[in-house]
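Student: What follows is each chain in one-letter form.
Protein chains: 2
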Amino acid sequence: MTSFSDDNRRAGGGWTDDVSRNNRPRHGLISSSSVGSANRGRILQALFDLGPTSRADLARYTGVNRATISGIIQPMVDQKVLVEGDAIPANESGGKPARPLWFSEDAQPICAVLLMHDSVRSCLVSLNGEISAESEAAFPAGTSDVRVLMDVIADCVGKTLASAARPAIGIGVAAVGMIDTDKRAIVAVNLAPLLDGFPLGVELESRFGLPTSIDHHPRALLVGDRWFGLGRGRRNFAVVYTGDVLGGALFLDGHLFRGPGGAGGELGHTFVQLGGRRCKCGRIGCWETIATLGWLREEAGNIELPGAETMTAAQLGALAAQDVAAAGQLLDRYAHNIAVGIANLQQTMAPNFIILHGDVVGGGERLVTAIAKHLHELVPWRPGGEIELALGDHEDVAALRGAAGLVLSDLLHFPL
Amino acid sequence: MTSFSDDNRRAGGGWTDDVSRNNRPRHGLISSSSVGSANRGRILQALFDLGPTSRADLARYTGVNRATISGIIQPMVDQKVLVEGDAIPANESGGKPARPLWFSEDAQPICAVLLMHDSVRSCLVSLNGEISAESEAAFPAGTSDVRVLMDVIADCVGKTLASAARPAIGIGVAAVGMIDTDKRAIVAVNLAPLLDGFPLGVELESRFGLPTSIDHHPRALLVGDRWFGLGRGRRNFAVVYTGDVLGGALFLDGHLFRGPGGAGGELGHTFVQLGGRRCKCGRIGCWETIATLGWLREEAGNIELPGAETMTAAQLGALAAQDVAAAGQLLDRYAHNIAVGIANLQQTMAPNFIILHGDVVGGGERLVTAIAKHLHELVPWRPGGEIELALGDHEDVAALRGAAGLVLSDLLHFPL
DNA sequence: AAAGTATGTGTGAGCCTCATACAAACTAAA
DNA sequence: TTTAGTTTGTATGAGGCTCACACATACTTT
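Sequences listed follow chains H and E, in order. Under the numbering used here, the residues of the first sequence are numbered 466 to 881, in order. Under the numbering used here, the residues of the second sequence are numbered 466 to 881, in order.
Derived from the structure by calculation, the hints contain no laboratory data. A hint or two may mislead.
Just so you know, same-sequence chains aren't split out, so a pair can sit in one copy or run between any two.
[Stated by the list, open to error] The calculated lysine-lysine pairs, modelled on DSBU-like cross-linking and capped at a C-alpha distance of 35 Å, are:
#1 Lys545 / Lys838
#2 Lys561 / Lys624
#3 Lys545 / Lys561
#4 Lys648 / Lys745
#5 Lys648 / Lys545
#6 Lys745 / Lys545
#7 Lys624 / Lys838
#8 Lys648 / Lys561
#9 Lys624 / Lys648
#10 Lys838 / Lys561
#11 Lys745 / Lys624
#12 Lys745 / Lys561
#13 Lys624 / Lys545
#14 Lys648 / Lys838
#15 Lys838 / Lys745
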């Protein structure tokens, strides 16, 4: 029943496979010394969530003594990671003005990498979420050697890193396909089988000597939204990505949910329509069959809309805005199909806040409103269970910030 | 964006509504003093998960120094919470024999309460999961005063507590309906609207002077399985309860998942069949419409099975065992319908291990096997993603142990 | 009988947070 | 202008916890 088996020790040892990436056993206790780094991480996360904040406010927010905050913050100020901003005058009740703390302009940036099946992009992301030193490269066609691809990636990353004024904190990779976050390897990429099983994270780490984090695209989007976007400061929310495929990720009770083997959040292949269409995965009635571009284009063709075979939510929205009745109806059906899966997600996990990414973003407020309307009809009301929808950032920015967020999460996410 | 609003403090204070039940702010840091009680809790949970275990093994399992374990354990032995068992002789490699630790027979029991819409049951649960001092009472019909019901409940609990050799650690309540675990109140009970909004937890706590925990039935089942049943020691699993209604609960990454407002795990009303049957909740195609006794009995009637209107999985299984072909087919369809929802759950959260409770248990191994077969067809294969199904304990035992588990969870579940 | 191995218990060091006191900076009222 | 009140941020000693190390104990093997 327990997850370890006998070895040379007496009553069952061999917990070696039961440790997380930081080489400490799960079930581990809290060591006095680890309290320090954990609290450092928590304070930095609080600061991130709140924006520029004084020591006193941080102390209140985190529920600790002001002196403790000072003790933790001061070394970071000395190391020029944080800087004190201009004093904020006291309000009418008087008192010494507060000095807000924020990340220094000179703080080290993060190197973000977006790995697609046929190309790679990289850039620097500042702790304010600003993007610079972008670089991009396409994979050569017809290669049969992974090392060629790896060289292309390393070249791209190298260019970006060379532009950094200060050495980067680490490298974060958002990748298409299936990712093993623990081994930091690619499990499988449908359109680029050459990369299957390639330990990209380890490879980058050894080439550049920087801590490297890697996760798949939807989860990176979520992490980006948590650190730099609309999910900032939240304890629960979800990300849904639609496009050619449908993916999702979950932030639950203040933690990124990965699930065993990183299998959590595979929303595209949940059933919503037994006896429905056949999915690319071979099964029938997956959500992905009714809420992705494939469905939209097929339906647009059926009603003979112009440009059906390259239809997007943006174009459909434009047609609908021109009072093409059929377009408006299709947009509403698309919205309904998307809402169905979100409703299931809400019933299961109650994230209460869902950030939409991908094609949907092109549909703008009209599409979101339509989805929200259907969603409110589909989800039974619960006390305190108001549901909000929002649109994410522009696609590439979100993904790159997400890759950067992976580094922050690994760095600060309480090593308990 | 952040969850607190301005008050008299300077840059936004008012985190008072943003604290969990133990009156510490979320986002809180770890205080040196809380490390002690947190580690105490973790060690006890490890001991629970492992069964009788020596100090040295606990030290290895939790990854800390043996001296630390001794320091934590010794006071508990002195207080007679734990006892040393007989020495386990060393194996061939020699060494001093280990003295396994376990909870003392004299350790305080937990008072478990199962609240149904028309009656209440209570009992004592030992730390070994043994049940004793059972008591039961029905609510009088036609009452319009909640206090009458409360008196019946208090009477029942009082009888159980009076039979305890040592004072109970606390009271755990598993209740039907919707529960607010933070306020420890009943939100709504369909069949007993008199109880709506009643702060049962607070009331019991003040009447008996014991810490009281309360949660709804499926989550209690899960907690019971985590402490005393098949979920023991696991970091991820789910519970699915089927009967007249369909409910579920989730244990994710080592934590019970409640979701905002306790709304997580409402699996019965996820959509699996757009355009399907109308559900009691008013919507169409809920999982509950095809995987509960209502569906089973209707279908059994359609094919004119004997005893259709009171059909259960147990009876259907018996008929199928007698080679009634139609019964075997219906059983398989029932299994398929149950598997569909589990497949969605697996896709979303990847618990990888699902414990079935309720009517399904009566269907025995044949039904589980059928469900498992469909499940493996419905869930795409993933590396390391083997899925297991299991049957829970007999219904009442599971619920009462679950109620007891709630107390343990609240007591030991790291106050971080 | 000696060497090897494993368990469990002292002891001092190191780290961390906490309570308390205090200086600094500002408001508001006398 | 003076005085009291309020808030920020720092210094200091106390207390709690884990850790590494040493040591006594108990058992196996050679």
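Student: Each of the hints needs a verdict: does it hold here or not?
Tutor: Verification of the hints:
no.: 1; hint: Lys545 / Lys838; verdict: neither (48 Å within a copy, 59 Å between copies)
no.: 2; hint: Lys561 / Lys624; verdict: neither (47 Å within a copy, 60 Å between copies)
no.: 3; hint: Lys545 / Lys561; verdict: within (24 Å within a copy, 53 Å between copies)
no.: 4; hint: Lys648 / Lys745; verdict: within (28 Å within a copy, 46 Å between copies)
no.: 5; hint: Lys648 / Lys545; verdict: within (33 Å within a copy, 44 Å between copies)
no.: 6; hint: Lys745 / Lys545; verdict: neither (52 Å within a copy, 61 Å between copies)
no.: 7; hint: Lys624 / Lys838; verdict: neither (46 Å within a copy, 52 Å between copies)
no.: 8; hint: Lys648 / Lys561; verdict: neither (50 Å within a copy, 38 Å between copies)
no.: 9; hint: Lys624 / Lys648; verdict: within (26 Å within a copy, 56 Å between copies)
no.: 10; hint: Lys838 / Lys561; verdict: neither (49 Å within a copy, 69 Å between copies)
no.: 11; hint: Lys745 / Lys624; verdict: neither (38 Å within a copy, 61 Å between copies)
no.: 12; hint: Lys745 / Lys561; verdict: neither (64 Å within a copy, 61 Å between copies)
no.: 13; hint: Lys624 / Lys545; verdict: within (26 Å within a copy, 65 Å between copies)
no.: 14; hint: Lys648 / Lys838; verdict: between (42 Å within a copy, 31 Å between copies)
no.: 15; hint: Lys838 / Lys745; verdict: both (29 Å within a copy, 22 Å between copies)
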